[in-house]
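Enquirer: Using the sequences provided together with the hints, build the complete structure.
Number of protein chains: 2
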Amino acid sequence: MTITILLDIQTYLFNGGRKIEVITTIDEMQKRADGWRQSGKTIVFVPTMGFLHEGHLALMRRGREYGDILVISIFVNPTQFGPQEDFETYPRDFERDRRLAESVGVDVIFAPQNDEMYGERFQTYVSLEELPQHLCGLSRPNHFRGVATIVSKLFNIVKPHVSIFGEKDYQQLVIIRQMVRDLNFDIRIVGAPTVREPDGLAMSSRNNYLSPEERRSASVLFQSLKLAQKSVAEGERDARKLINAASAHIKSVPHTQIDYVTICDPETLDDVDQIGGPVLMALAVKVGKTRLIDNTILKPKGN
Amino acid sequence: MTITILLDIQTYLFNGGRKIEVITTIDEMQKRADGWRQSGKTIVFVPTMGFLHEGHLALMRRGREYGDILVISIFVNPTQFGPQEDFETYPRDFERDRRLAESVGVDVIFAPQNDEMYGERFQTYVSLEELPQHLCGLSRPNHFRGVATIVSKLFNIVKPHVSIFGEKDYQQLVIIRQMVRDLNFDIRIVGAPTVREPDGLAMSSRNNYLSPEERRSASVLFQSLKLAQKSVAEGERDARKLINAASAHIKSVPHTQIDYVTICDPETLDDVDQIGGPVLMALAVKVGKTRLIDNTILKPKGN
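As you go down the protein sequences, you meet chains A and B in turn. This note's numbering puts the first residue of the first sequence at 1, with every later residue one more than the last. This note's numbering puts the first residue of the second sequence at 304, with every later residue one more than the last.
Any given hint could be a false lead.
[Unchecked claim] Straight-line distance between alpha carbons at most 20 Å, and here's what the computed EDC-like set of lysine to aspartate or glutamate pairs gives: (1) A:K226 to A:D186; (2) B:K334 to A:D270; (3) A:K41 to B:D337; (4) B:K344 to A:D34; (5) A:K41 to B:D489; (6) A:K31 to B:E500; (7) A:K299 to A:D270; (8) A:K31 to B:D489; (9) B:K344 to A:E95; (10) B:K334 to A:D186; (11) B:K589 to B:D489; (12) A:K19 to A:D86.
Think of the hints as simulated: they come from the structure by calculation, not from any bench.
Expert: Okay, here's the thing in structure tokens:
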């Protein structure tokens with residue numbers, strides 16, 4: 001923690017104390033990106049929906065290592081929310097975000113307006129056929145279509161060489177990698193590890209919704225992943241047994257309702273029955289009204 | 304015609320007789336594009352499926368006016384053909400295409416392999432919700448999804464500043480413009496007028512399929528558009544009457560079978576009943592087994 005803060009101060013001084021810049025129009029962002037590219041600078045991009053937490057800041061610190069100009073976007077993207085979801089109430093605090101982004105050496109915040117991003121007669125979507133038919137895609141139809149579409153748009157606007165995504169949203173990361181490969185975006189995608197609270201809860205802007213009692217229950221997601229890791233280390237290879245044990249553990253905690261607990265192939269997301277190599281264990285649990293997700297890679301010994 | 308040839312010779316000499324270059328891999332094409340962009344060059348791009356004719360060459364001559372580096376692609380794109388359509392038999396002649404492209408001053412032909420363009424597990428598509436629900440989209444489901452997807456891919460590979468599309472494929476042009484706007488491709492789209500045979504038949508690689516007798520019938524597409532233009536000039540404003548007259552004319556010619564004859568808004572492609580301003584008249588007709596399309600803008604006087 002102390003080291004992190006020292007590095008942040010160093011980054012700030014290295015930037016000559018230069019103020020972070022906020023760009024709000026697509027045209028201006030594209031012109032600036034062209035300018036940086038023409039002068040040989042490498043652009044690194046971290047897309048966010050704002051309300052930044054340590055998890056986002058870790059992506060940005062990571063991003064600083066990959067290039068010259070670090071751009072983040074702050075945009076709560078309507079097309080990735082379902083009609084019953086929390087688009088309207090999603091937490092927003094731009095001034096706080098700006099300060100936090102500045103503290104880790106972000107050069108530019110791209111914060112566009114909804115009207116410019118989704119103009120009249122907007123009708124073009126980027127979608128994947130298979131990867132969204134798993135995990136969160138099953139209970140959030142059109143969510144990943146919204147994600148793939150906004151990320152494509154942001155890639156065309158910010159024109160990055162490198163873009164950083166968190167492993168906490170593992171399915172999103174896999175989908176973005178596939179989309180980049182399929183549509184030939186000339187962009188390197190870097191995944192970054194999940195940042196956790198002291199009790200293991202994965203950082204998320206939505207943790208903010210939890211009551212103190214729900215917050216205590218929420219650590220069960222991480223606990224049940226640890227439980228599975230332990231069982232695998234002890235020799236368990238039957239995915240069904242691991243899933244049942246994790247599910248029973250989650251159900252034993254108040255305020256929880258399981259959406260899914262899955263063990264699957266880390267690339268295709270197809271279900272796995274017997275664990276013969278590294279697999280993804282992913283889960284989504286409602287704690288009170290708040291839907292939380294988490295995941296880990298389970299590695300049997302010798303892999 | 305003579306003037307055109309003289310201009311082509313001039314272009315060739317201006318290029319210092321430099322040979323056209325053929326690039327076949329995605330990686331190489333992207334690296335070259337980056338290099339041109341870094342040195343401040345403007346890239347102009349004309350996507351084609353090859354078997355070039357005067358219509359394509361007109362797009363390329365047009366393209367030469369818009370920038371420094373003129374790239375064309377030659378790729379018969381499988382995802383825009385329906386299962387009953389002519390993907391396998393679509394005419395191909397790379398050597399002839401290379402000579403023709405060179406004659407109009409093309410710098411680079413990008414000719415990728417199918418396997419590299421659509422790798423294993425390919426699953427990402429770009430699609431539009433409304434514009435394909437008209438005209439050719441009705442009898443060719445998924446055609447425009449295939450077009451939007453391949454054009455997105457080619458844009459990400461060739462990285463052009465400007466791209467030229469023919470007005471003969473009018474719905475395609477409107478769809479590409481909308482896609483560029485919606486996904487924020489930083490690319491200027493230029494439409495270029497249809498090039499016609501002496502009897503008015505719009506140039507198309509598929510004209511090649513016509514028997515001599517069918518070829519004579521094929522001029523009815525252009526004739527029926529001219530008929531409508533004349534009626535509008537004489538004061539007709541009722542779209543239904545214009546469509547009926549054109550349809551009757553087409554049916555009077557042997558070997559023809561109408562897919563559609565439509566009068567619609569040139570931007571939204573929504574049907575128009577009364578002609579109050581410029582409208583698009585578009586038609587698709589099977590002549591023998593060959594499906595041909597054509598269109599024109601009908602302008603009432605004073606518009």
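Enquirer: Please verify whether K344 (chain B) and D34 (chain A) have alpha carbons no more than 20 Å apart.
Expert: holds (12 Å)
Enquirer: Has the given pair, K19 (chain A) with D86 (chain A), been kept, meaning a C-alpha gap of at most 20 Å?
Expert: Violated, at roughly 33 Å.
Enquirer: Verify the proposed pairing of K41 (chain A) with D489 (chain B), using a straight-line Cα cut of 20 Å.
Expert: holds (19 Å)
Enquirer: For the pair supplied as a hint, K41 (chain A) and D337 (chain B), confirm whether the alpha-carbon distance does not exceed 20 Å.
Expert: The given pair, whose Cα atoms are some 12 Å apart, holds under the 20 Å limit.
Enquirer: K31 (chain A) and D489 (chain B) were given as a pair; does the straight-line alpha-carbon distance stay at or below 20 Å?
Expert: Given pair K31 (chain A), D489 (chain B) holds - Cα atoms ~9 Å apart, limit 20 Å.
Enquirer: Under the criterion that the straight-line Cα-Cα distance not exceed 20 Å, is the pair K226 (chain A), D186 (chain A) satisfied?
Expert: violated (37 Å)
Enquirer: Regarding the pair K589 (chain B) and D489 (chain B), is the alpha-carbon distance no greater than 20 Å?
Expert: violated (37 Å)
Enquirer: For the pair we were handed, K334 (chain B) and D270 (chain A), check the Cα-Cα distance against 20 Å.
Expert: violated (35 Å)
Enquirer: With the threshold set at 20 Å, check whether the alpha-carbon distance from K31 (chain A) to E500 (chain B) stays at or below it.
Expert: violated (43 Å)
Enquirer: Verify the proposed pairing of K344 (chain B) with E95 (chain A), using a straight-line Cα cut of 20 Å.
Expert: violated (40 Å)
Enquirer: Regarding the pair K334 (chain B) and D186 (chain A), is the alpha-carbon distance no greater than 20 Å?
Expert: holds (9 Å)
Enquirer: Holds or violated: are the alpha carbons of K299 (chain A) and D270 (chain A) at most 20 Å from each other?
Expert: Roughly 17 Å between the alpha carbons, so the hint for K299 (chain A) and D270 (chain A) holds.
In summary, the numbered hints that this structure violates are 1, 2, 6, 9, 11, 12.
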